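What follows is the residue order along each chain.
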Amino acid sequence: MLRRSATLLKTSCLRRFSVQHGIRQMSSNTEIEGDKSVVDGLDKAELETMNLFTAINSGLAVALESDPTACIFGEDVAFGGVFRCTMGLKDKFGGKRVFNTPLCEQGIAGLAIGMATNGVTAIAEMQFADYIFPAFDQIVNEAAKYRYRSGNQFDCGRLTIRTPYGAVGHGGLYHSQSPEAYFAHTPGLKVVVPSTPREAKGLLLASIRDPNPVVYMEPKWLYRSAVETVPLGDYEIPLSKGRIVQSGSDVTVVGWGAQLHVLAEAVKKAKEEQQISCELIDLRTLYPWDEEIVFESVRKTGRLIVSHEAPVTCGLGAEISARVQEECFLHLEAPIRRVCGYDTPFPLVFEKLYYPDMLKNLEAVKDTVDF
Amino acid sequence: MLRSLAPRLVAAVCSSLSTRVGVSSSRAAFKAPSTSFLPTLSAAAAASSPAHRLFSSAPNYDQREFVGELNVIRSDGANLPCYRVLSPQGEVLDAAHDPELGEETLVKMYETMILMNTLDNVCYDVQRQGRISFYMTNYGESASHLGSAAVLKKDDVIYGQYRELGVLLWRGYTLENIMNQLYSNHLDLGKGRQMPVHYGSRELNFHTISSPLATQIPQASGAGYALRHVHGNTDACCVCYFGDGAASEGDFHAALNFAATLDSPTIFFCRNNGYAISTPVHEQYRGDGIAARGPGYGIDTIRVDGNDLFAVYNVMAKARKIATEESRPVLVEAMSYRVGHHSTSDDSTRYRGADEIEYWKKNDAPETRLRGYLEARGWWSQEREDEELKATRKRVLSALKDAEGRKKPGIDQIFHDTYAEVPPHLERQQAQLTEHLNTQGIHYPLTDFHK
Numbered sequence: 004m005l006r007r008s009a010t011l012l013k014t015s016c017l018r019r020f021s022v023q024h025g026i027r028q029m030s031s032n033t034e035i036e037g038d039k040s041v042v043d044g045l046d047k048a049e050l051e052t053m054n055l056f057t058a059i060n061s062g063l064a065v066a067l068e069s070d071p072t073a074c075i076f077g078e079d080v081a082f083g084g085v086f087r088c089t090m091g092l093k094d095k096f097g098g099k100r101v102f103n104t105p106l107c108e109q110g111i112a113g114l115a116i117g118m119a120t121n122g123v124t125a126i127a128e129m130q131f132a133d134y135i136f137p138a139f140d141q142i143v144n145e146a147a148k149y150r151y152r153s154g155n156q157f158d159c160g161r162l163t164i165r166t167p168y169g170a171v172g173h174g175g176l177y178h179s180q181s182p183e184a185y186f187a188h189t190p191g192l193k194v195v196v197p198s199t200p201r202e203a204k205g206l207l208l209a210s211i212r213d214p215n216p217v218v219y220m221e222p223k224w225l226y227r228s229a230v231e232t233v234p235l236g237d238y239e240i241p242l243s244k245g246r247i248v249q250s251g252s253d254v255t256v257v258g259w260g261a262q263l264h265v266l267a268e269a270v271k272k273a274k275e276e277q278q279i280s281c282e283l284i285d286l287r288t289l290y291p292w293d294e295e296i297v298f299e300s301v302r303k304t305g306r307l308i309v310s311h312e313a314p315v316t317c318g319l320g321a322e323i324s325a326r327v328q329e330e331c332f333l334h335l336e337a338p339i340r341r342v343c344g345y346d347t348p349f350p351l352v353f354e355k356l357y358y359p360d361m362l363k364n365l366e367a368v369k370d371t372v373d374f
Numbered sequence: 020m021l022r023s024l025a026p027r028l029v030a031a032v033c034s035s036l037s038t039r040v041g042v043s044s045s046r047a048a049f050k051a052p053s054t055s056f057l058p059t060l061s062a063a064a065a066a067s068s069p070a071h072r073l074f075s076s077a078p079n080y081d082q083r084e085f086v087g088e089l090n091v092i093r094s095d096g097a098n099l100p101c102y103r104v105l106s107p108q109g110e111v112l113d114a115a116h117d118p119e120l121g122e123e124t125l126v127k128m129y130e131t132m133i134l135m136n137t138l139d140n141v142c143y144d145v146q147r148q149g150r151i152s153f154y155m156t157n158y159g160e161s162a163s164h165l166g167s168a169a170v171l172k173k174d175d176v177i178y179g180q181y182r183e184l185g186v187l188l189w190r191g192y193t194l195e196n197i198m199n200q201l202y203s204n205h206l207d208l209g210k211g212r213q214m215p216v217h218y219g220s221r222e223l224n225f226h227t228i229s230s231p232l233a234t235q236i237p238q239a240s241g242a243g244y245a246l247r248h249v250h251g252n253t254d255a256c257c258v259c260y261f262g263d264g265a266a267s268e269g270d271f272h273a274a275l276n277f278a279a280t281l282d283s284p285t286i287f288f289c290r291n292n293g294y295a296i297s298t299p300v301h302e303q304y305r306g307d308g309i310a311a312r313g314p315g316y317g318i319d320t321i322r323v324d325g326n327d328l329f330a331v332y333n334v335m336a337k338a339r340k341i342a343t344e345e346s347r348p349v350l351v352e353a354m355s356y357r358v359g360h361h362s363t364s365d366d367s368t369r370y371r372g373a374d375e376i377e378y379w380k381k382n383d384a385p386e387t388r389l390r391g392y393l394e395a396r397g398w399w400s401q402e403r404e405d406e407e408l409k410a411t412r413k414r415v416l417s418a419l420k421d422a423e424g425r426k427k428p429g430i431d432q433i434f435h436d437t438y439a440e441v442p443p444h445l446e447r448q449q450a451q452l453t454e455h456l457n458t459q460g461i462h463y464p465l466t467d468f469h470k
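Those protein sequence lines, which keep their order, are chains R and S.
Numbering of the first sequence is given in the working numbering, commencing with residue 4 and proceeding in unit increments.
Numbering of the second sequence is given in the working numbering, commencing with residue 20 and proceeding in unit increments.
Rather than coming from a laboratory, the hints here were simulated on the basis of the structure.
Here the structure is a predicted model, which means the values were calculated and not measured.
Backbone N, C-alpha and C define an ideal beta-carbon position, used for all residues, glycine too.
Treat the hints loosely; a few may be bogus.
Said to hold, decoys possible - Chain R regions said to be covered by chain S (calculated; three or more residues, Cβ under 8 angstroms):
id : region
1  : 100 to 111
2  : 116 to 124
3  : 136 to 144
4  : 155 to 163
Unchecked claim - Label pairs and their calculated CB-CB ranges:
id : chain 1 : residue 1 : chain 2 : residue 2 : range
5  : S       : 470       : R       : 330       : 26 to 34 angstroms
6  : R       : 362       : S       : 469       : 55 to 63 angstroms
7  : S       : 446       : R       : 40        : 38 to 46 angstroms
Could you put the whole structure together from the sequences, leaning on the hints where they help?
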């Protein structure tokens, strides 16, 4: 069956792609790292160099260690998962807490909600965000509304749904989607997207422990390619708090997930070639999102660019743009720019042209400064 | 060989323990080739696999049965039998199956049936008068509700669809709870957020009803799993009620498959009342009801006369025993008839004859059967019936009046409970509404709401 391929991210494939997709090369050209304060003060024995899936794995292990009710389940999680995020967890915590489900996303979501509303910390995996849609009814109509409709007698706060999202170089329509906007339009849900391994573990633990249902979207592009030191222990990065990745004075650039690395490159080039100083913001939580950090930045710079892989129309760039013009109208020196995917399904052979890459973002930075 | 599958199917589901359906290979025409190179299940895995419990669809190549005759299993409506204890007139057909619940319990059940009918009568009329916005009656299904609810224990977790009033009442949901919910007032446990009949009670372990159909079914698979495999509770089960129409939803199929593979102690109780709004069952499915689907998922199954209180009770007791003792799901299909309209938004005479409805009311009513049994033992009489009807109506109208007079919840309840906390953007939106009401408040019915 061509529907899914567990071999998508074989190491050898990825190396080839990082050379071909020079525009999206990671780690060698950029120095995007996670929040430094998370590793400050820790000595070497408490840290380990990890890639994103190892960091996720570490976070999941901490979650199961610290909470005896925590369970992880979904398709193929028992042997380690198609992206290796759940390696070794079944051996460590047993088959009652780490288990495979039948191939059925609506079942996974329904089961997860039933567990979460009955005293279990339910960590469900949707193998690809592209396949989350059969579960949409359960997530949007049930999980998100459980507390509200029951008058707070019941709640689905112990639910976390993890799912790989985003472009991977060769994913096409059904292995590349970024469906965050559908969920960010649903009151009652939280949507979280990490951008580095260190961020991923901390945000994952915060999401699991947050008393609200969270859709946690993992940028599959970064599973192997993003590498940094990550604390071995238990730590959290707060939800709904963005971070300034890099301070600047001329243009505010907002992104999240894998796109942050693309933006970091664009921002670097803008400085090198045009002496434009950009302030790069990682939103981390897409819903509810940290408005203040963006407003404060735009009041300083007067210019805003939002960039995401998802199609531009009704993407989160639209929401951010709307709020910024509501609150910072008189500070704006130029129209807000969105550098996003086109309003087409995600094409395979055209990915390099479709993608909101470094060049398009660099162009936008220059344009907004020249306005 | 395959033609004989149907009776074997019946035998398999009627026996209390799962049996391996052994199939003799007297007609095998092929000799299986050497299979030493193929992977096989270990004996332990084979013994524990649910697939092995019912049918010989063994993954082991050696154990597959190959036949030389081409026999398509014609789906010709082989019918699973329907278990009954009480005749429609209230006579016990086999005394050995009388659960002998006793005068006190049975009288209480009958009085609850009267309460259900009175509530339904009053609330339906009250909706017609425009005093509540919506209502759904339960006529014809009281035996399904009470017979099943009476078996359950306090810690059992219950999910419903919307036509389970008797289950709620038997658990202890009060008249006040009901009326407050129907009127969406400030004492509503649900804080006025949902349409009438969307009941829920944390205290009674009855999860709040939601409108989307069948969504509760896979949740029940998860709840059962949580009870048994995470919390280690060996004397609790999850029960999930749903209708014949809801059982067409994908969530039903997902739920049963999950419950089976994960050994959830969940009882799936299908109220087959013949209709999903206007859609009769022959337009809802082509197979032998919902019960026939159970074995397909590897789930123990029984069909029962849903209008027979004792039969439902016995079946539920057995189902609960299987679920809790063996940690596995059970499918119960209770055959009944939806005497009332789907809801107050429906006029069912538009799609079915009044004579059909009359037939069921006259010839097969759950109340009639129980009353027959009670009166035969001198535990009930016409005099008591008259008294009880009068007293019940009085109680119901009094609770209605109280609920009607209460204010709705405070306006701030719009913004609470979307999340555990009230996030900044909702605080801002609440402030926007407050500001709007400061100047425009006179155009809104603000006095309806609690301060």
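Hints versus structure:
Judged by the Cβ-Cβ criterion of 8 angstroms, the region 100 to 111 of chain R is covered by chain S as claimed, because 7 of its residues qualify and three suffice. With a threshold of 8 angstroms between beta carbons, the proposed coverage of the region 116 to 124 of chain R by chain S holds, since 8 of its residues qualify and at least three are required. Requiring three or more residues with a Cβ within less than 8 angstroms of a Cβ of chain S, the coverage given for the region 136 to 144 of chain R holds, as 4 such residues are present. Check on the region 155 to 163 of chain R: 5 of its residues sit with their Cβ under 8 angstroms from a Cβ of chain S, so the three-residue criterion for coverage holds.
Judged by the Cβ atoms, the range 26 to 34 angstroms given for residue 470/S and residue 330/R holds: they are separated by roughly 32 angstroms. The beta-carbon spacing between residue 362/R and residue 469/S, approximately 59 angstroms, falls within the hinted interval of 55 to 63 angstroms. Evaluation of the 38 to 46 angstroms hint for residue 446/S and residue 40/R yields a failure: the beta carbon distance comes to about 28 angstroms.
In this structure, only the earlier hint numbered 7 is contradicted, and the remaining ones agree with it.
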